[in-house]
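**Student:** Kindly produce the complete structure, drawing on both the sequences and the hints.
Number of protein chains: 2
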Amino acid sequence: MRTFEKICDLRAFLKSQKRSDLRIGLVPTLGALHWGHAALIKAARRQNETVVVSIFVNPTQFDDPEDFKTYPRDFQSDLAFCERHGVTAVFHPSEAEMYPTPSKTRISVPELTRHLCGAKRPGHFEGVAILVSKLFHIVQPDCAYFGEKDAQQLAIIRRITRDLRFPITIVSVPTVRETDGLAMSSRNALLNPEQRRAAAALNRHLQNAQQLLKSGENGLEKIKTQLIQRIQSESAAEIDYVEIVDAETLQPATAVDRALLIAAAVYFGGVRLIDNFSCNFAKKDES
Amino acid sequence: MRTFEKICDLRAFLKSQKRSDLRIGLVPTLGALHWGHAALIKAARRQNETVVVSIFVNPTQFDDPEDFKTYPRDFQSDLAFCERHGVTAVFHPSEAEMYPTPSKTRISVPELTRHLCGAKRPGHFEGVAILVSKLFHIVQPDCAYFGEKDAQQLAIIRRITRDLRFPITIVSVPTVRETDGLAMSSRNALLNPEQRRAAAALNRHLQNAQQLLKSGENGLEKIKTQLIQRIQSESAAEIDYVEIVDAETLQPATAVDRALLIAAAVYFGGVRLIDNFSCNFAKKDES
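Protein chains in written order, with the working numbering: chain A, 45 to 331; chain B, 45 to 331.
Treat the hints with care, since some could be wrong.
Same chains, same names: a pair is fine if it fits in one copy or spans any two.
As the list claims (entries may be wrong) - With a straight-line cut-off of 30 Å between C-alpha atoms, the simulated DSS-like cross-links for lysine-lysine are:
no., residue 1, residue 2
1, LYS268, LYS50
2, LYS266, LYS59
3, LYS113, LYS148
4, LYS113, LYS266
5, LYS258, LYS164
6, LYS148, LYS268
7, LYS148, LYS327
8, LYS86, LYS50
9, LYS164, LYS268
10, LYS59, LYS268
11, LYS268, LYS113
12, LYS193, LYS258
13, LYS327, LYS266
14, LYS113, LYS59
15, LYS164, LYS59
16, LYS62, LYS50
17, LYS268, LYS258
18, LYS266, LYS164
19, LYS86, LYS59
20, LYS148, LYS59
21, LYS164, LYS148
Calculated directly from the structure, the hints in this document are not laboratory data.
**Tutor:** Written out as structure tokens, the structure reads:
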């Protein structure tokens with residue numbers, strides 16, 4: 045496995061890979077790798093000969109400096125993880141390498157960012173959009189892999205890729221869960237045992253709402269109210285948002301006739317976790 | 045010479061060019077080609093084996109629907125022009141091909157767009173940024189060629205390319221002028237004889253201001269006031285803006301110690317023309 049800190053070195057390496065007609069898959073990460081990332085790497089290995097994992101805690105996507113400071117970092121352990129999972133190259137740039145000067149360019153998708161996490165974390169998705177665009181231009185992959193847990197990020201990156209005609213296929217990978225159903229996240233490591241127990245309830249309540257929808261209940265407000273009550277009943281939980289939205293536009297759902305997303309962001313102590321479950325009610329000929 | 049209307053066909057052609065290790069130069073245009081474009085094509089041919097000219101009157105960069113409607117279009121003549129100038133491929137997409145759905149993604153560089161033309165043409169440079177980004181992703185050129193007449197567009201595209209790490213070299217080409225000094229522009233064809241005569245005065249007055257600066261006059265306000273008076277004295281001229289700005293940041297210049305741009309936009313009848321002259325006062329070690 046190769047590791048690169050400089051953009052020019054990575055580009056030179058990838059140029060030789062492209063010359064040999066090897067397909068390149070990119071897995072962008074903030075590090076603190078877990079089984080969710082392993083699923084992304086596995087999907088990338090299935091479709092590409094060369095798999096690049098970027099590890100960069102991107103300051104511009106953190107709206108809260110404290111969150112940036114405490115975000116888990118363990119590069120040596122991440123490197124070993126990548127090596128074990130058959131990654132071809134790790135790209136691990138410094139902040140100065142990625143942002144030699146602050147970006148004056150802004151990329152935004154207002155229609156998709158004004159809801160959910162975007163409403164709660166100002167500037168977050170603009171930071172993600174700039175970083176992902178840079179990574180796409182640096183690596184020029186055939187495919188890039190993103191987890192379905194970050195549903196809004198996925199919708200935004202899909203839209204930017206389509207609008208700007210990036211010559212890249214965006215591949216989404218289902219959320220990987222702990223045995224009690226808690227969605228894998230680097231932030232889970234920040235939970236104390238009591239918070240960790242409470243956090244597991246989040247996925248159960250979301251899944252319960254999904255079951256209600258699937259069983260034919262179409263009172264969206266009723267489902268949402270019940271879901272909020274259930275989450276609030278968990279001692280350590282403090283709701284940031286709970287929403288049922290159109291899976292593509294992220295607008296609040298008004299009818300049970302398309303792909304919907306039941307999404308929540310909840311604080312457990314100071315740790316903000318997100319999760320979502322989807323239900324597709326689109327008629328076959330529309331899907 | 046090949047012509048392409050479909051993105052997928054152009055991409056397939058360019059893929060074969062890249063496989064043969066041919067360098068690709070892109071000249072983005074709105075058509076109505078003239079000697080200014082010929083200079084761009086010539087520069088592209090010097091540095092690349094494959095030269096792609098895109099011809100697309102981009103609706104999203106026109107803030108005025110009337111301007112979009114009356115913008116000169118003559119595709120057959122443009123095709124012959126490209127053939128004569130040794131272009132490899134012309135890309136001439138329909139609106140539906142370039143914008144199958146309206147772009148929800150926005151790219152902006154607020155610091156560079158709030159001045160000069162950006163202040164007068166809301167949304168113009170956002171439209172340019174989206175189109176140029178799409179063209180960069182469709183063609184994936186080694187170099188892209190832009191005229192210095194559109195100084196603000198050039199500064200913005202340079203900045204976006206740098207901020208987003210597009211793997212593309214931006215090459216600027218000096219303004220080409222008629223024998224009386226009028227900067228070549230597709231819009232010149234819309235001038236009546238009287239307006240055409242008055243328009244020629246614009247470059248003389250700008251050049252006069254440049255000479256004043258070069259000769260050591262450092263009263264920027266004085267030079268600007270005189271320049272405005274001279275342009276206003278032309279019967280058919282109506283000033284949109286006259287500014288002396290930092291050539292990189294486009295902020296109003298406050299001292300004669302760096303690369304400056306004397307830039308103007310002036311209406312002659314209903315036709316808006318722009319022009320600029322530069323002076324570089326940067327000390328050698330800063331340049």
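**Student:** Go through the numbered hints given earlier and state which of them the structure violates, listing their numbers in rising order.
**Tutor:** 1, 2, 4, 10, 11, 14, 15
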